[in-house]
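With the hints as extra help, turn the sequences into a complete structure.
Number of protein chains: 2
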Amino acid sequence: MYRIGLDISGGDYAPSEIIKGAILARKEFQGTHITLIGVKEEIEKEIAKHKSKESFTIIDAPEKIEMAEQPAASVRRKRNSSIVRGVTLLKEKKIDAFVSCGNTGAVVCASTLILRLIEGVERPGIALMIPTKKGISLIIDVGANIGPKPLHLLQYAAMAYVYYKLVLGKEDPTVGLLNIGEEASKGSEFVKRVHKLFSCASINFVGNLEAKDIFSGKCDCIVCDGFVGNIALKVSESCADVLGRFLIDEILEDPLGKIGLFLMQRSLRKFKKKIHYAEYGGAPLLGVDGIVIIGHGRSSSLAVKNAIKVAIEELSRGLNLEIKRRINEICQNSGVRQVFTV
Amino acid sequence: MYRIGLDISGGDYAPSEIIKGAILARKEFQGTHITLIGVKEEIEKEIAKHKSKESFTIIDAPEKIEMAEQPAASVRRKRNSSIVRGVTLLKEKKIDAFVSCGNTGAVVCASTLILRLIEGVERPGIALMIPTKKGISLIIDVGANIGPKPLHLLQYAAMAYVYYKLVLGKEDPTVGLLNIGEEASKGSEFVKRVHKLFSCASINFVGNLEAKDIFSGKCDCIVCDGFVGNIALKVSESCADVLGRFLIDEILEDPLGKIGLFLMQRSLRKFKKKIHYAEYGGAPLLGVDGIVIIGHGRSSSLAVKNAIKVAIEELSRGLNLEIKRRINEICQNSGVRQVFTV
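First to last, the sequence lines map onto chains P and X.
For the first sequence, my numbering begins at 1 and goes up steadily by one.
For the second sequence, my numbering begins at 1 and goes up steadily by one.
Since the list gives no way to pick one copy over another, a pair counts as held whenever it fits inside one copy or between any two copies.
BS3-like cross-link-like pairs, simulated, lysine-lysine; straight-line CA separation at most 27 Å: (1) Lys165 / Lys149; (2) Lys258 / Lys134; (3) Lys274 / Lys258; (4) Lys165 / Lys324; (5) Lys134 / Lys272.
Rather than coming from a laboratory, the hints here were simulated on the basis of the structure.
Note that the structure is a prediction, hence the values are computed from the model and not measured.
Here it is in structure tokens:
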């Protein structure tokens, strides 16, 4: 039985959607125990609304770290926030995983400080599952570490490789380095160094991946620094949003278009389901010594439920044990050491 | 009368679409003279196909710089390529602007070497017009300079500001810095320094722009380093492509969806026109001492015609004269100097 801790105070639609997500998860994932962490009265009030028969443990965390707060300072000051309490419960092994849709920076910061990192990992990275033409790709890092060193990216690659193999079940997943061109000679000095490192590491490195192929499914694992990854991710959201808006505007201006839109409601629903982040749940924070899942700030109950699912899958496959077992072997072979001494 | 030089050898659909674009441009932009630069026999053969009555000057440039060639080396070696010949004609004032859909790196490199930079500008930058919810935004740099210094970004901001005001006709356009968060404290060390610089420059700086707002129209001019800009641009293309594919797949699986699709053909055509890069023509290469427009590698005849239009607009507004006049005043005021001495 897995014990999942859920941050009730984080997210744009907290606490109501988060609680709804918890109820959905309890129903769907039999034998999973969920600990709700947040302002006790708020939790009890929300649960009462649903007249749910599901049982939860409630941990009172009266403080809230707001979405716009400065991460490090708020983690230091707000010991009784849902984020700090949740991560501490995980550290104390009172829960097996922690899921939060709150302030991403604060989750990363609290996790790093309290859980510490897996030996062999120097920085945590946020991995994100994105839908592609061929299935799912895992992109890391999308914003935990915005000034990384080349070695950090190698550690990200190793963790993504292990994740994809173990959790997404592909024997020898491919790893690509996000760059502005395919050739090894392309890109900034930083990216060129990373390319060299990747070339001698024990991952299935297939070379640079151009951003135009990010959704093509060419690579299972896509590695980049957190600044670039965050921009890429947010640009995709912005692009999808504006394209949808433009399209709907044109359709609604044309009576035939309106009828067409009505007829394709079923297709549109399936399309939205396919691309919606809620389907992919949360983003694993890899590298910290504990299972932490970061949900989207705009998480709906469905997204919350799926974030819990991601946590359960990581636990059931023993993800962190496998990362611990393999990280040094992947990152510290003779080739990598040579690149660093040259 | 403006004399536009057009590279006939560059682009995925060269020479046929480029020649078609030249014919379209001659018809639409009365009094514009177009010089076709490329392999003479190829040009004559293509023109003959169209039985066009438009007259062109032809400059024989028998060498070709392929799309995947290494820019600096190819520019050095291939003196008789369309790119080097075209830029040289511009330097010699035999044409007033040069338009190429060829190897972007080679165009940037040849332009920088042969035309030199405008005094006060240390690196050229590629600006791109993107459609937004409110109209058009200009994003610079999308790939000319992948390892810039903060001061280069200030020069980009200044040039974009002048461009937007003069060519796109807005009195005091807003300038935003592409970043992973809105607050001044957000982002890498590099971006934070740029933020400080922008804050004291004589541009209408409105702060950081999050990537999720890139298509929102919040800022008229969006500034970023060439690596990030290139990734953002290519991710957008990839995103639009994959969304279109997913949507069509779902629609075609459903008979009602198919009928709906048929009914909204007119709306779809208008939508595609709105978002297609061909509508926006080419990307101005700003900072070099001459008008150079870089077209998309996949440019159709329409895109070529519109790239020529961009060149004509820059010429008719006297863009480079205005950049020369204003660049120092914008970039070298006392505040900026202070940031650099601190």
